[in-house]
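Asker: Chains as they are written, first to last, in our numbering: chain A, 1 to 532; chain B, 533 to 769.
Since the hints were made in silico from the structure, they are not lab data. Do not take every clue at face value.
Stated by the list, open to error - Lysine-lysine pairs mimicking DSS-like chemistry, simulated, CA-CA at most 25 Å apart:
#, chain 1, residue 1, chain 2, residue 2
1, B, K648, B, K599
2, A, K527, B, K544
3, B, K538, A, K290
4, B, K648, A, K32
5, A, K527, B, K538
6, A, K381, B, K548
7, B, K599, B, K544
8, A, K307, A, K13
9, B, K671, A, K185
10, B, K671, A, K288
11, B, K544, A, K303
12, A, K307, B, K639
13, B, K535, A, K288
14, B, K544, A, K524
15, A, K303, B, K538
16, A, K381, B, K538
17, A, K13, A, K381
18, B, K599, A, K527
19, B, K535, A, K527
20, A, K99, A, K524
21, A, K303, A, K468
22, A, K527, B, K671
23, A, K288, B, K699
24, A, K290, A, K303
25, B, K699, A, K381
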Amino acid sequence: MRELKILLRVEFKHILHSLNPKASKGSTGKGKAAAFYAIILFSFAMMIFYAFVYSAIMADAFTQINALYLLPGLMMTASCMMMLFTTIYKVKGTVFGFKDYDLLMSLPVKTSTVVISRMTVLYTINFLFCLFLMLPAGAVYAARALPGPGFYIAFLLTFPFIPLVPIAVASVIGTVIHLAAARFKHKNIANLIITMSFFMGIMFFSFNTTTFINNAADIGMTVMKAVNRYYPLALMYTNAVCKNDYAALALFILISILIFSLFAFLVSRRFKTLNTLILANRTASDYKIKPLNVSSPARALYKRELKRYFSSANYVLNTGVGLILFTMASVALVFMGSEKLGVVLGIPGMTEIIAKAGPVAVSVFVALSCTTACSISLEGKHLWIIKSIPVSVKSVFLSKAAVNLTLVLPAVLVNTCAVAYVFRFDAGQTALMFLVPAVYAVFIALTGLAVNLQYPNFDWATEITVIKQSAAVLLTLVVGLLSVAAPLVVIFTFKTLDARLVTYITLLVLTIADVSLYRYLLTKGVKTFNSF
Amino acid sequence: MLKIDKLSKTYKGGIKAVNNLTLQVDAGDIFGFIGPNGAGKTTTIKAAVGVLDFDEGDIFINNLSIKTDPLGCKRMTAFIPDNPDLYEYFTGIGYLNFIGDVFAVEKTERERLIQKYADALELTGNLGNTIASYSHGMKQKLAIISALIHSPKLLVLDEPFVGLDPKSAHTLKIIMRELCDAGSAIFFSTHVLDVAEKLCDKIAIIRDGELIACGDTEMVKGDASLEEVFLELTENA
């Protein structure tokens, strides 16, 4: 137990360190730290707010068909899905293939203790996720259904057990993906392809099993029917929490514990073997020097950055999935039309949103696709290379921004063509449809760099720490989303205002912001980088 | 070739790592830089290659200041750190080609030098593998090859022999001598005093951020061994 406590203390210290702006290598004043904490609190508040709003919308819909009891089960399933998808790519780096594996395994600590410490980290992260989603849902249900004390007891009793099964299932899927990828020479790319195929497969499956229904309550009913079929724990949960079914309550907790314990036991038994297999590299020793492709220094930097991006499945999944969905939705728009697509995507009034505020609205995908916010931190222990070779800091920044634009601009172009075709846009509207997201893309790429320079972290143990959990990434995401939300709020609040005028003003403000950020990066940004 | 002039560097928290350090490495010199752990060797080396900012003084490479013309200085310099952390997502050959690109090494010359040094260090067969699969010694060899393929005028190495097998260490010593005979300069830190004594033309000893001895190897060690001189200077001073 003592060893477990020590291991956990180290693990959580690492996570908190990555989120602590004062721990960054750059100079961090009190104001900068305070601003960071304010934005983090704001993001948590927004997450809880959205969970409340979504629960309230679903509660309204379920109330109409007298099925409010479905709400906790639906939100529990949503939480489980979210935990499943976010845990699959945390498995490597958290449970397997973490950087201090050699050090930990050489310590006089039992393998099972190491495994338990790793699983506890996964559990804690997921528990927090669950907390933010389930508490608002529980509160909305309690306020609407006015249930007896049985609900509160069952809700609180089941709560800690919700993350157990998604963690176990995600860990199995993640492990299988990494084991399969380890057979290839370029295992990172193989891992990326397998993971992407898995996610696409899930999407395709749900797409095919979902009937197109226009009403939120019917969607909820259909989803719950499908969920109960494929995830029986959801039905047990609904019965336990909303119908005072004590047998279901006991069964839900028992099955969750059993599945998680079985997974932990199997991992403990095969921990070293699995780590060896996942960390193994396919090698050959018969290479002969062939003619080399020569590039300019700027192009070499760009290629290096692109290689870095695609070498990490975590990096691509965290920043690129939005773009893939964006492109797929754009193509689907052409074939399905906006009304039907809006229903499939669960975005009510999509036609009106695109017609009125299309250029700004689609930029939300751009805001979700910032590759630069962790790109400086990702230099990590390799920072010496970029600092000792004869390339300017400016060209390093540009190569990082160029990768972001390389990923975003083609998706924006596809989307522009699709929207312009479906909505019969004139030349001016089409130009705006491309220009606004493009200027947003530059803004997000430069903001990511500027924020990462202020909140760098070069001492990470696993790259997921900076890709997903770092101060810079969270801040950039909030700044990006707020920059998209602001004009949208103006357009839809002040309906008498000309939406196109607001779009022009947004374009102008963003262009000024882009130029200012560029100048900032080339002056203060370069100085900050040189001080690392 | 390398002139460090009154260099001082203080880290956050007020720790003075290097204090008013001055030394000069001429073309053709193999210059050994020795000192106890935490004496300021790595700080000096990193400042010399432009990896680390410094507070006072200046550093000149072939009469160019690292402060005012960092790119000019870096074009003439190669650096190998104490721990060869290289881009693990590159293959060995991919990394060498990247270094060749940023130093604008001509294609045929690049291929010739990669072949020459990779053969000498027995790494050619492994160049097609990703760096992630390399052992520490293989990464060290790759770092050495990457430093040599752009024919640097100044080679700065931090503990270059750590991780190398005896044969590769011997090969590296021969390469270092060849480079200096061709007019380059080498500035390197080491804890292996035997190597420093036999290989270096000049030696500097640093302790607590200050130079306590500097000059021709024969002059610094006198009639004693370098180890004896080192222990006496670092323990008694």
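Asker: Now tell me if each hint is right for this structure.
Answerer: Cross-check of the supplied hints:
Annotation: proposed proximity of B/K648 to B/K599 is violated, straight-line Cα distance about 34 Å (limit 25 Å). The suggested pairing of A/K527 with B/K544 holds, with an alpha-carbon distance near 17 Å, which does not exceed 25 Å. A threshold of 25 Å between alpha carbons decides the hint, and for B/K538 with A/K290 the separation of about 47 Å lies outside it, so the pair is violated. For the proposed pair B/K648 and A/K32, the alpha carbon gap of about 52 Å is over 25 Å, so the pair is violated.
Between A/K527 and B/K538, the direct Cα distance comes to roughly 23 Å. Compliance with the 25 Å bound is thereby established for this hinted pair. Among the hinted pairs, A/K381 with B/K548 is consistent with the structure: their alpha-carbon atoms are about 23 Å apart, no more than 25 Å. For the proposed pair B/K599 and B/K544, the alpha carbon gap of about 20 Å is at most 25 Å, so the pair holds. Of the pairs offered as hints, the one joining A/K307 and A/K13 is violated, with about 31 Å between alpha carbons and a cut-off of 25 Å exceeded.
Taking the CA atoms of B/K671 and A/K185, the gap is near 18 Å; set against the 25 Å cutoff, the hint holds. Of the pairs offered as hints, the one joining B/K671 and A/K288 holds, with about 18 Å between alpha carbons and a cut-off of 25 Å not exceeded. The hinted pair formed by B/K544 and A/K303 fails the criterion: a straight-line CA distance of about 35 Å is larger than 25 Å. With a C-alpha separation of about 22 Å, the suggested pairing of A/K307 with B/K639 holds against the 25 Å cut-off.
Restraint check for B/K535 and A/K288: not satisfied, since their Cα atoms lie roughly 40 Å apart, outside the 25 Å limit. Restraint check for B/K544 and A/K524: the C-alpha separation of about 20 Å stays at or below 25 Å, so the hint holds. Straight-line distance between C-alpha atoms of A/K303 and B/K538 comes to about 40 Å, which puts the hinted pair past the 25 Å bound. For the proposed pair A/K381 and B/K538, the alpha carbon gap of about 29 Å is over 25 Å, so the pair is violated.
Note on A/K13 and A/K381: the hinted pairing holds, with a Cα-Cα distance of about 20 Å set against a maximum of 25 Å. The straight-line distance between the Cα atoms of B/K599 and A/K527 is roughly 12 Å, inside the 25 Å bound, and the hint therefore holds. Under the criterion of a C-alpha separation no larger than 25 Å, the hint pairing B/K535 with A/K527 is consistent with the structure, at around 24 Å. This hinted pair does not check out: A/K99 and A/K524 have alpha carbons roughly 33 Å apart, beyond 25 Å.
Restraint check: the Cα-Cα separation between A/K303 and A/K468 comes to about 23 Å, which is no more than 25 Å; the hinted pair holds. Taking the CA atoms of A/K527 and B/K671, the gap is about 31 Å. The hint is violated against a cut of 25 Å. As the CA atoms of A/K288 and B/K699 are separated by approximately 22 Å, the hinted pair is consistent with the 25 Å bound. Pair hint A/K290 plus A/K303 holds up; C-alpha atoms about 19 Å apart against a cutoff of 25 Å.
For the hint pairing B/K699 with A/K381, the CA-to-CA distance comes to about 28 Å; that exceeds 25 Å, so the pair is violated.
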